[in-house]
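Participant: Chains as they are written, first to last, in this note's numbering: chain R, 1 to 886; chain V, 1001 to 1110.
Mixed in with the good hints, there may be bad ones.
As the list claims (entries may be wrong) - Pairs of lysine to any residue, SDA-like flavour, derived with a Cα cap of 20 Å:
#, chain 1, residue 1, chain 2, residue 2
1, R, Lys36, V, Arg1066
2, V, Lys1087, V, Arg1019
3, R, Lys296, R, Arg50
4, V, Lys1064, R, Ala68
5, R, Lys329, R, Thr344
6, R, Lys62, V, Lys1064
7, V, Lys1064, R, Lys36
8, R, Lys62, V, Trp1067
9, V, Lys1064, R, Val18
10, R, Lys541, R, Ala68
11, R, Lys62, V, Ile1038
12, R, Lys62, V, Asp1014
13, R, Lys415, R, Ala427
14, R, Lys36, R, Arg49
15, R, Lys726, R, Arg712
16, V, Lys1064, R, Glu21
17, R, Lys90, R, Val404
18, R, Lys241, R, Ser177
19, R, Lys296, R, Gln564
20, R, Lys241, R, Ser178
21, R, Lys36, V, Gln1047
22, R, Lys36, R, Arg50
23, R, Lys62, V, Phe1078
24, R, Lys726, R, Lys876
25, R, Lys36, V, Ile1035
26, V, Lys1093, V, Thr1012
27, V, Lys1064, R, Arg66
28, R, Lys62, V, Ala1065
29, R, Lys16, V, Arg1066
30, R, Lys876, R, Arg806
31, V, Lys1064, R, Glu19
32, V, Lys1064, R, Pro125
33, R, Lys36, V, Leu1044
Because the hints were derived from the structure by calculation, they are not lab data. As the structure is a prediction and not an experimental result, all values here were calculated from the model.
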Amino acid sequence: MLSDLLIRARALFRRKAVESELDDELRFHFEQQVEKLVQSGLPLPEARRRARLEFGGSDQIKEECRDARGVSLLEALAQDIRFGLRMLRKSPGFTAVAVLTLALGIGANTAIFSVVQGVLLAPLPYREPDRLVTVWLNNFRLQSPTDLSYRDFLDWQLGALPFENMSAYAWRSFDLSSPGNPEHLEGREISSSFLSTLGVGLALGREFSVEEDRNAGAPVAIISNGLWRDRFGGSAAALGKPIVLDGVETTVVGVLRPDFRFGTGYADVYIPIGQRKLVDANDRTAHDVECVARLKPGVSLGQAEAEMNAIQENIDRLNPETEQGLGAKIIPAKEPLVGDVRGTLLLLLGAVGVVLLIACANVASLLLARSAARAREFSIRAALGAGRGRIVRQLITESVLLSVLGGVLGLAAAKWGLSAALATLAADLPRSDNIHVNASVLFFALGVSIVVGILFGLAPALRSARADLQPSLNEGGRGSTGGHHRTQSGLVIVQIALTLVLLAGAGLLFRSIQHLWKADLGFESQHLLTFQVGLSPSATKTGAGVRAAYQQLLDRIRQIPGVQSAEITTEVPMTHQVNAIPFWVDSHRPASVAEAPRTLGFITGPDFQQVMRMPLIRGRFIGRQDTIDSSLVAVIDSELARTYFPGKDPIGRTITFPQVGDYRIIGVVGHVQHWQVGFSSPFTQNQSYVSIYQIQDRWMTTIDTWTWVVVRTPLDASAVLPEIRKAVFGAASDQTVYHAQTMPAIVSESMSPQRFPLILLGSFAGLALLLASIGIYGVISYSVTLRVHEIGIRMALGAQTRAVFRMMIGHGLRLALAGVATGVAAALILIRLLSSFTHLLYGVGADDPVTFTAVSLLVTGVAILACYIPARRAAKVDPMVALRYE
Amino acid sequence: MPDHRIDLPQGTLDLLILRTLALGPEHGWAISERIHQISSNVLLVQQGSLYPALHRLERRGWIKARWGASENNRRAKFYELTQSGRKQLEAEKSEWKKLTLAVAQVLGTA
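Isolated chain V, as found in the complex (with noise of 0.2 Å):
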């Protein structure tokens, strides 16, 4: 596998997890996997990072878990966004892009 990996900013990982678990309910080996696809294998979630973030925003109550039935029949936990959630997506997502802007505008390459 080539490896692409680069270090998340701080933050970012709670941002990504928001935005994948926008399209739907997964549980923690999905969500790592689709952030790994969509991101064309540039990033990877290490799962020391992936578990202690998702407990991290269950707490928080942005994200809410259930034990379901995975597609190979398993038993696995499914995080799911809430309302408070899907509104910390909203304004993460619009906090980063003025971020992502000013770095840009920064560098010269807007």
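Chain R on its own, in the form it takes in the complex (with noise of 0.2 Å):
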């Protein structure tokens, strides 16, 4: 074995020493023969000669000798790769749909997977990311980690013995004044270790210093690469100039990469974390940190989070009033990015899968159609002494041809079909600037293109090699092809099963999101547009200003033509904005805030629930009269006085939201859909309203940045935001308007998770359905081929065109009703298992009649239309013909 290998091997790559040392071997042997003739007697001359024509041909001679060596491995594929190419070429109709198939196939396979490699595949572009986590407070009585406060951290930072480092940041936005123009600029506050706690470099600067990151330190500021090549040209000289924020002159101390990202959101300014405010730095009830970290080698999620949940305990132990309850949640960095879109993620990857079997069975179908065509080719093969092996190496050759040729066409349908996807979807996915067509999806294509050539090729190049030599031989060409036919019968099943099964996906998405549309928000969201307002820094410096600047604000808004109403608020439904607070009711104490239920807190004017059009259940809302020197008064929704005041009247009642006061409870109002319309959230669902006119100064000089203005107005939003944006300059000329989004885009945003699916599902379903059909027509329009002597026998015999025309149709209809019938079953199953841990449906059960009644009708349907065109063929068969045919 080893000696053929190696022969063969060298035969392959030391051809010319082969070749040479054969021809010594025999001019040898030739010289040899004509030395003993000479020796026997015979002249020099005619030695030779004799010699000669005992030697015969010396090239058939060395011919034999290269094949007893043995043609080699690599010599015999290239054979069959020229050969194949031949055959394809030979018909180019064939070849065509084969490859275009494929290419659907692959190209959405690499695509999807291009995706998936990228979102949830692709490590995170920091220093040995599999050791970065994200460090959650975890309430026990809410389940769920969330953000903690800046004390916390501060405290887990000290006894933070499993990790090597830790960083704290948190969301913060500024109002940039200097240089260039006033922006509303997204920002961070940053511990001083964080991005080497990431493991990324500066592209110029440094980071801050421990000095930096404490209460009154310098103020300086890392900024983005854009911002500096927006602000500064890219200038080097950028470090140690000042950048305006808020009013505050901040010193630029350091430039990121161009390509550093953190979390979903970008932000341009970084500053110190250390530098908040003491009396936001030591509330340990104010959860707005998150904290990163860069686990010890060798340390393990449980070990870390076992230590974390130790220091907590001591903390709560010091802290009963605040921290009884809480412990330490551990998360790997990559998992609060992708968490939720890992499931949709790889149930498209199955979906996008099903399509390429279809495709894999359209061509194994045309396969098995055009290998019956060639059983007389392989019979003489056979006959001629190729072993089996040899025939189905050469199909299989073949057919990963055709795989190769598809999967390079489908690649550059990957690519392109994957920025126009991008281009609309990119939103809807975490991390999509890392979706590339990469080394790993090239490599992914080519793997797939293999494995499907051989998959689809198997079927047929075993059939024709099994099959026996003499009846095609016998048969003058036309080969009997039942078996054939079955198989392809059975494949066109297996198609419109699939087919079914992503048409039902799709639509069940589709009901979904009718459903959606249709679900009770709680408010109405047509003509309402909201926005944000930096407001003029001098407005700020005291609570009054504050107030003031609003009162001014929304007047001017209120003026202007075609606005109907108008009013702040600091929670805008379906913005992922959490004020979730702690309160409890009358005089029900928890024995620690941690252990306290949590409420939305909307901090809003008097009148929002008129602007949001929302129904007032009992009492009134909060109103002009209830300002910050009247008693505190707050609105309760339905929810929370379901669950706290079951069967009694909350007016009257206290509320407490602990460190801000005692509210009475004015008024109940429906609820709102907060998180995402339809779905059960696991966030807080209480909901109150409190007025922003009774909120105490120490918030009231920072609630800028977290309230937004809701706008009523029939106008459209493109014609009244500059009138809008006019207004607020005119009450400010340093005060900016940003995030203005209109109420239906947030809702239809909020529905992405099912949209995103639903786009890509109903495209595949499409592109299935397609091939399927194809599929379907292929086989009756083969089997009209095969029978048009029977045909010509039944029409010579008195059978009415319709009759023929009814026989094919039927034909084409049982297949269908069988693929339908085994579809319904495997979806009803499929998607019953997914929607268990997917959560896509709303609206619609996983075996919605309407929806499977839609989608048989629909496969059924174009079904029949697939077989239209052959069965028309079958019925005008002129019977002289056919029986001529012979």
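Take each chain as given, in its own frame, and dock them per the hints.
Facilitator: Next comes the structure, spelled out in structure tokens:
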């Protein structure tokens, strides 16, 4: 065996040497023979002549020696490929259909794989990302990991044994007023060790020092590469230059690299988190800090979590009032980023795999039909001594050639389709800027092509090689192909069943979105517009100043023609703002604040209920008479009322927000869908409303970064927004308008978990339907070709054209119905299984009869349509021609 | 030269070559000469079958080749039996004996 390989390898790679050795060997023999003849007394020329005669054709000997040494495997492969290409060129129609079909299948798979690769599989772009984790506060009562307070973080950092490095960061936006035009920017407060925890370097400058990451440290900032190019023209002289953030002159000490990303959002400005106000820094109930840490080598998640829990337990014991019932939760850094889409992406990968299976079935079916036509070729080759293995290898080579051609085309299609899809869908995906057609995607496409080629080539190849020589040689080339035909019919049934599964999935998603649009939001989203305003720094120095600024701002906006009403609020539904505050009613104070229930705190003006058109159930909404000087009042929603005042009237009762105060309940409003339309959410459902004009000064001065304006107007947003901007600048020229959105757009955006898979699943299902109809068309049309003779006899014996037509359609219909039945059964099981762990369906059951009836009818209809052309051809068969065909 | 040649049955050439090489390494010409002599000039191996056979046996690992000097001091390719070739020779020899015995019995000469 080894010598065999060595000799084959030598024949391949040392071809010249082997050939010249062969020459030498044969020449030696010839000369020996001549010498022998000379010794026996012949003259030299005669001896030569005799030897040459005996020798025969030396080229022929050499050829046989080469054969004896064995044709190298690669040479055989090259031969097969050349032959395969010739065969494919000879039937361009077949080749084109097969390659296109495969290109669609492989292309779709490659595209989805590149998304999965970029989003789920690719490591985070930091040093040793496997050791990076996010650390959360775990509220045992609420059963959910939450942000921590900066105070907690500092305590954790002191005792954090399992981590090499631990850094806090918090979201914060800024109004940049110099250099350049005033602009509202997203930013972060970060620990001094933030970038070294991630293990990323800066393009320019340095990280914050420990001294700067403290209260009363020098105001410094690190800025994004984009902002640096924008505001400083990309000059290195930016270091040490000031920028003005929220009215504070801040020195730029570092510039980030252009490819730096962290988390889901984008940020332009970073400042030291240690410089936050002492009151915020020491408040353990203000949970607005997130934490990223690098595990020490060899420390497991479980170990780290146990150690952190021990530290938090200590903190709990020292601060029972606020901390009792809190622990730590450690999650790999990639998880919070991609956790939501993992299920969806894997679902899509499965769906697109089904499309590929359907494509394979199509090509296998085509190959079967072709191998029936080539049966004589194989019989002759087998009769001439080609082994079965040789024929199978030839056929597999041909099918892999097809699939690799399809793969190349598919890769091009994937690259094109991906950029088109990302242009519309990128916003629905985390890490979407990480999606590329890279080496691993290429590798995937190649691997899939080869596997697929073998997969769909194997059955037809084995069939052909197993075929008996005799019948097909005897039959004069019109092979009996009952077996082929049965396999093809089976393939069509499978295709239709798979298509139905995809269509049912897409159909259910479509119905879910239909239902979502009809779902009661708790307010009227039409004609609502929302945006944020960066108040002038001069206005935010005192609480009274902010209150006055808002009143002035709203007066101006309300005067714009077409604006019906306008109000401010800290929470806009479905924009993912979380102001979840602890509360208790009456005297039900829990032992620790951490153990108190949570409510979403809407801090609004008195017109909010009217602007949103929320139903008022009892009592009244907050009014203009509720000011900083009057007693504190709150409005609760029906959810909070139902849970905490079951069967009782909450009006006049007390709701307490710790550190804020005791509020008298004056009204109950309807519940608003805050998280996502239609879906129960693990997040806080209780909602309560307090007046922004009753908020104490200490919060009032920073409230503008999380305050929104909602405006009700029947006018188009694009018409009103310029007017609004004018009004805002009119109130104070250094104020900015940002995050402007219409409410319908926000609602629609909140459906992206359904919309994103619907669009893709819908296109895959369409693709599958197309492929399956080509498949059924192929089978019926092939069956017509096979049965021309039979049809001719039937018609000669008096069968009506219509009867023949019906017979062929009936054949297709039987296949379609078998496929539909199988598909419905499979879909019922599969979708029930899937819907149990992906929350995509709303308002429809996994066995929604409307959806299933519709897709079954659709598939059957398309199948009949696909049979129509070949059936018509069958009905038009001329009996004379068909019988003479023999 | 009197022509006593008979056609070799399929497979026997390999046996003859292996047997010849069992006596020691030889080059192709000497192998054919030796078969000719030992068979009392009955068996003449054509070059056209000898060399392909040698290359086939080499590929199977039953013989191996090396270049050396011939008796008249010229460069020649010598073949020699390998360990597995020796085993193969024994196997083929006993096969052959069984075959000839059987054929002889059928012909009624044994």
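Participant: Next, verify each hint and record whether it holds.
Facilitator: We went through each hint and held it up to the structure:
1. The straight-line distance between the Cα atoms of Lys36 of chain R and Arg1066 of chain V is roughly 24 Å, outside the 20 Å bound, and the hint therefore fails.
2. Distance check on the hinted pair: Lys1087 of chain V and Arg1019 of chain V sit about 11 Å apart at the alpha-carbon level, within 20 Å; holds.
3. This hinted pair does not check out: Lys296 of chain R and Arg50 of chain R have alpha carbons roughly 88 Å apart, beyond 20 Å.
4. At most 20 Å may separate the alpha-carbon atoms for a hinted pair to count; Lys1064 of chain V and Ala68 of chain R meet this at roughly 14 Å.
5. Of the pairs offered as hints, the one joining Lys329 of chain R and Thr344 of chain R is violated, with about 25 Å between alpha carbons and a cut-off of 20 Å exceeded.
6. With a CA separation close to 19 Å, the supplied pair Lys62 of chain R and Lys1064 of chain V stays within the 20 Å bound.
7. A hinted pair counts as satisfied when its Cα atoms are at most 20 Å apart, and Lys1064 of chain V with Lys36 of chain R does not qualify at roughly 26 Å.
8. At roughly 18 Å between alpha-carbon atoms, Lys62 of chain R and Trp1067 of chain V fall within 20 Å of each other, so this suggested pair holds.
9. Note on Lys1064 of chain V and Val18 of chain R: the hinted pairing holds, with a Cα-Cα distance of about 15 Å set against a maximum of 20 Å.
10. As the CA atoms of Lys541 of chain R and Ala68 of chain R are separated by approximately 97 Å, the hinted pair breaks the 20 Å bound.
11. For the proposed pair Lys62 of chain R and Ile1038 of chain V, the alpha carbon gap of about 27 Å is over 20 Å, so the pair is violated.
12. With a C-alpha separation of about 18 Å, the suggested pairing of Lys62 of chain R with Asp1014 of chain V holds against the 20 Å cut-off.
13. The straight-line distance between the Cα atoms of Lys415 of chain R and Ala427 of chain R is roughly 19 Å, inside the 20 Å bound, and the hint therefore holds.
14. A hinted pair counts as satisfied when its Cα atoms are at most 20 Å apart, and Lys36 of chain R with Arg49 of chain R qualifies at roughly 13 Å.
15. Distance check on the hinted pair: Lys726 of chain R and Arg712 of chain R sit about 17 Å apart at the alpha-carbon level, within 20 Å; holds.
16. The suggested pairing of Lys1064 of chain V with Glu21 of chain R holds, with an alpha-carbon distance near 14 Å, which does not exceed 20 Å.
17. Straight-line distance between C-alpha atoms of Lys90 of chain R and Val404 of chain R comes to about 18 Å, which keeps the hinted pair within the 20 Å bound.
18. With a CA separation close to 14 Å, the supplied pair Lys241 of chain R and Ser177 of chain R stays within the 20 Å bound.
19. A distance of roughly 59 Å separates the Cα atoms of Lys296 of chain R and Gln564 of chain R; the hinted pair therefore is violated under the 20 Å criterion.
20. Between the alpha carbons of Lys241 of chain R and Ser178 of chain R the distance comes to roughly 11 Å, so the proposed pair stays at or under 20 Å and holds.
21. For a cut-off of 20 Å, the pair hint linking Lys36 of chain R to Gln1047 of chain V stands: about 15 Å separates their Cα positions.
22. A C-alpha spacing of about 11 Å is found between Lys36 of chain R and Arg50 of chain R, which places the hinted pair at or below 20 Å, so the restraint holds.
23. Note on Lys62 of chain R and Phe1078 of chain V: the hinted pairing holds, with a Cα-Cα distance of about 18 Å set against a maximum of 20 Å.
24. Restraint check for Lys726 of chain R and Lys876 of chain R: not satisfied, since their Cα atoms lie roughly 74 Å apart, outside the 20 Å limit.
25. Between Lys36 of chain R and Ile1035 of chain V the alpha-carbon distance is near 16 Å, which keeps this suggested pair within the 20 Å criterion.
26. About 10 Å separates the Cα atoms of Lys1093 of chain V and Thr1012 of chain V, which keeps this hinted pair within 20 Å; it holds.
27. For the suggested pair Lys1064 of chain V and Arg66 of chain R, the alpha carbons sit about 16 Å apart, so the restraint of at most 20 Å is met.
28. Of the supplied pair hints, the one linking Lys62 of chain R and Ala1065 of chain V holds, its CA atoms being roughly 17 Å apart against a limit of 20 Å.
29. For the proposed pair Lys16 of chain R and Arg1066 of chain V, the alpha carbon gap of about 17 Å is at most 20 Å, so the pair holds.
30. For the given pair, Lys876 of chain R sits about 13 Å from Arg806 of chain R by alpha-carbon distance, which is consistent with the 20 Å threshold.
31. About 17 Å separates the Cα atoms of Lys1064 of chain V and Glu19 of chain R, which keeps this hinted pair within 20 Å; it holds.
32. Using a Cα cut-off of 20 Å, the hinted pair Lys1064 of chain V and Pro125 of chain R is violated, with the two alpha carbons roughly 58 Å apart.
33. For the hint linking Lys36 of chain R to Leu1044 of chain V, the alpha-carbon distance of about 15 Å falls within 20 Å, and the restraint holds.
In summary, the numbered hints that this structure violates are 1, 3, 5, 7, 10, 11, 19, 24 and 32.
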